[in-house]
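Residue numbers (the numbering used here), protein chains in the order written: chain L, 2 to 371; chain S, -15 to 372.
To be clear, the hints were calculated from the coordinates, so they are not data collected in a lab.
Warning: the hint list may mix true and false statements.
[What the hints assert, rightly or not] With a straight-line Cα cutoff of 30 Å, these simulated DSSO-like cross-link-like pairs (lysine-lysine) come out: (1) L:Lys301 to L:Lys278; (2) S:Lys367 to L:Lys301; (3) S:Lys259 to S:Lys367; (4) L:Lys218 to L:Lys203; (5) L:Lys6 to S:Lys337; (6) L:Lys160 to L:Lys186.
[To be verified] If you want the footprint, here are the derived chain L segments under chain S, 3+ residues with CB under 8 Å: (7) 74 to 82; (8) 114 to 128.
Using N, Cα and C, we set each Cβ at its ideal position, and we do this for glycine too.
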Amino acid sequence: MPLSKAIAVAMSGGVDSSTVAAMLRAEGHQVIGLTMQLWNQRRLAGRTGMPETVQGRCCSLDDVYDARRVAETLGIPYYVVNQEDRFERDVVRPFVEEYLSGRTPIPCSLCNNHLKFDQLLIVAQQIGADALATGHYARVEFDQHGGRWLLKRPADRSKDQTYFLFGLTQEQLSRTLFPLGEMTKPEVRDLARRHGLALAEKPDSQEICFVPGGDYKNFLDAYLAEQGDALPDTAGELVTTDGNVIGEHGGIHHFTVGQRKGLGVATGSPLYVIQIKGDARQVVVGSQEELYSTTMRVRKINLISVGVLGEPMRVHVKIRHRHEPASAQLEASGNDELTITFDRPQRAVTPGQAAVFYDGDVVVGGGWIA
Amino acid sequence: MRRVYFDNNASTPVLPEVFDAMRPYFGERFGNASSIHHHGQDTRAAVERAREAVAELVKCRSSEIVFTSGGTEGDNLAIFGLARSGDRVISSTIEHHAVLNACKHLETMGCEVTYIPVDGHGQVDPDDVRRALRKNTRLITIMMANNETGVLQPVEEIGKIAVEADVYFHTDGVQAAGKVPLDVSRIGCDLLSISGHKMHAPQGVGALYVRKGTLLQPMLYGGRHERSRRAGTENVPGIVALGKAAELAIETFRRGDDHTMASSRDRIQQTILDKVEATGLNGEGAPRVPNTTNIYFDYIEGEALVIALDLKGLAVSTGAACSSGAIEPSHVLTAMGLRPDRARASIRFSLGKQNTPEEIDFALDLVPQTVSRLRELSPVYNKTTVSN
């Protein structure tokens, strides 16, 4: 049995984090359950386009109830930590602003960087915990040779969440535990059952937690209306890659790169969104082939397995959550910026999404696609 | 683990004498107080004895006491029992949610509510109340003592204003009952609500003083219990306990225990203010109930401090818990003009009759070291100290 430690567990009320709490408790650690209160679901309920009743998963009372019940079952102290202000500032507002500038944001990564492994980790340390454990599927280990903490893909590749964790610093990784890294989801559910957790069969959550039903357009409208702002007019032209105007669109935030439906123009061959030009409010459309690109720039870099990037480096790069990492070369191209050249063209490189670089199972680092 | 409880403004333990008094009414003395037989007569007598004790606590006639399920019900019965569409109501910005949210609801029913602000000490200015009066003002509802700061409001002056203007005056006395002597005639109020579990009786019982001749619209309809002011079979064990707790409270005032408690409270706050830098008292300079002190610890999150202390065995509180259990910044402290970060950095210590000097020593040892650890890990504190 490992040495007994005080460990805070970020509990969402789902199967994964609940199982983590049960595992660590069974190992004899002093476990403290923490849930972040991030968003008040009732805030936007009933506004235009938003459901009257609370439907989202994030911070719902049901999930807090589930987490609290698990904590009671395990006999561990449990607290809800209010991080609503930080969540709005560091996740919700950037999410809204990114869409309005024609990019496609990933709030989960922002939440991990600014809330879960920042604020919550600080609270965990302040209340006397040596480490913070979460239910993410990933692995963290210390590399003796390089003297660095490594983030690695989990045993269950189908559940790999390293894509959302590329922003973790060495300090954060040194205090983080991912106890599910060696397990598959069925194994986790089985373990939950064996620990007598009532929520062992609870379905996985998929959507962005604060956007009910995944309808982000209605969320943007409702949020801006609540803030007393009208949705800015981002309507403009629909243009082809060679600059011909072929129609108009109702607002750039309705589009994402690679999108085919809802373009509002009929042509002989299928059209896709190739690019969104935020300043010009133009949505550039083209053929399937034009959706492929070989190079991209990545900004706001966080490196994990290496301290600095000197020579160009061979890696595999993942450009969206469900993307199979593609082989590429990485090289520094400016202040806090890298250029990536893929061996084979990649479909729908989307500004606002993360690019995460892998060397086998090891996460080299990542950044945001410019 | 040793557990020390300094959150008596949230709830108090039932004192052994109180528990002894109520215990028979769970078992052998179970009759319905409305029944005509022996069993009913027995519990009826117990209820009326308790009514007399509570009447003595607030210095009124026993017929003026209505038993309720607690503070929230008393506040709601007073407010909705009197205010009608078209009326004006005067309240304050620092009321408990039982009053505040009742007033918010009145606004949706066609009432206009004026919320009197407080000064930096957390007190309402009676002149503001006077200035807020209008022809159609029907009710003033302003608390006696604030739950978060313990600051006493100038209720006697407000009472005079209410009498002069011929306006009903309700005061939420939940945090005052058992802590300071009460006298409804001196206060000049028409209604005063109290809660059992804030004064060492159990949760689920309370009382509302209703001055004779005050016609209240009931909220519960049913039998003619409580002189048709509150239908429902009496919670006899709870009522008996409240009566016993009232008797004990009166005794403690005779013995001067409230002064002893004030000294204990002063020792807590003085030691913390001396030992821990960047701290201060919320509600300083205002008269307060003897058991409460509210202290801000700059550069920390009160929420983290409460959790850290709880894990070490000390129960205190900060802000208000929302439905998930997360902490929201206190509306009382922000109404007093505290910066939001300072409001979030504030902790309430509230003593009860069961607390001992050794428990205070324990807390005074634990709090400074816990605050230091939190500050060591606080990005804001480190930035500030480095730049100094």
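Claimed coverage, the segment 114 to 128 of chain L by chain S - three or more beta carbons nearer than 8 Å: holds (count 5)
Lys6 of chain L paired with Lys337 of chain S [C-alpha distance capped at 30 Å]: Cα-Cα ~37 Å, so violated.
Apply the coverage criterion to the segment 74 to 82 of chain L and chain S: a residue qualifies when its Cβ sits closer than 8 Å to a Cβ of the chain, and three qualifying residues are needed. It holds: at least three residues are needed, and the segment 74 to 82 of chain L offers 4 whose Cβ sits within less than 8 Å of chain S.
Taken at face value, is the distance from the CA of Lys367 of chain S to the CA of Lys259 of chain S at most 30 Å? Holds, at about 22 Å.
Holds or violated: are the alpha carbons of Lys218 of chain L and Lys203 of chain L at most 30 Å from each other? With a Cα-Cα distance of about 28 Å, the restraint between Lys218 of chain L and Lys203 of chain L holds, given a limit of 30 Å.
Below or equal to 30 Å on CA atoms is what counts here, so check Lys367 of chain S against Lys301 of chain L. 23 Å, holds
Given the hinted pair Lys160 of chain L and Lys186 of chain L, is their Cα-Cα distance within 30 Å? Within the cut-off at roughly 8 Å; holds.
Hey, Lys301 of chain L versus Lys278 of chain L, does the alpha-carbon distance stay inside 30 Å? 21 Å, holds
Of the numbered hints stated above, the single one contradicted by the structure is hint 5.
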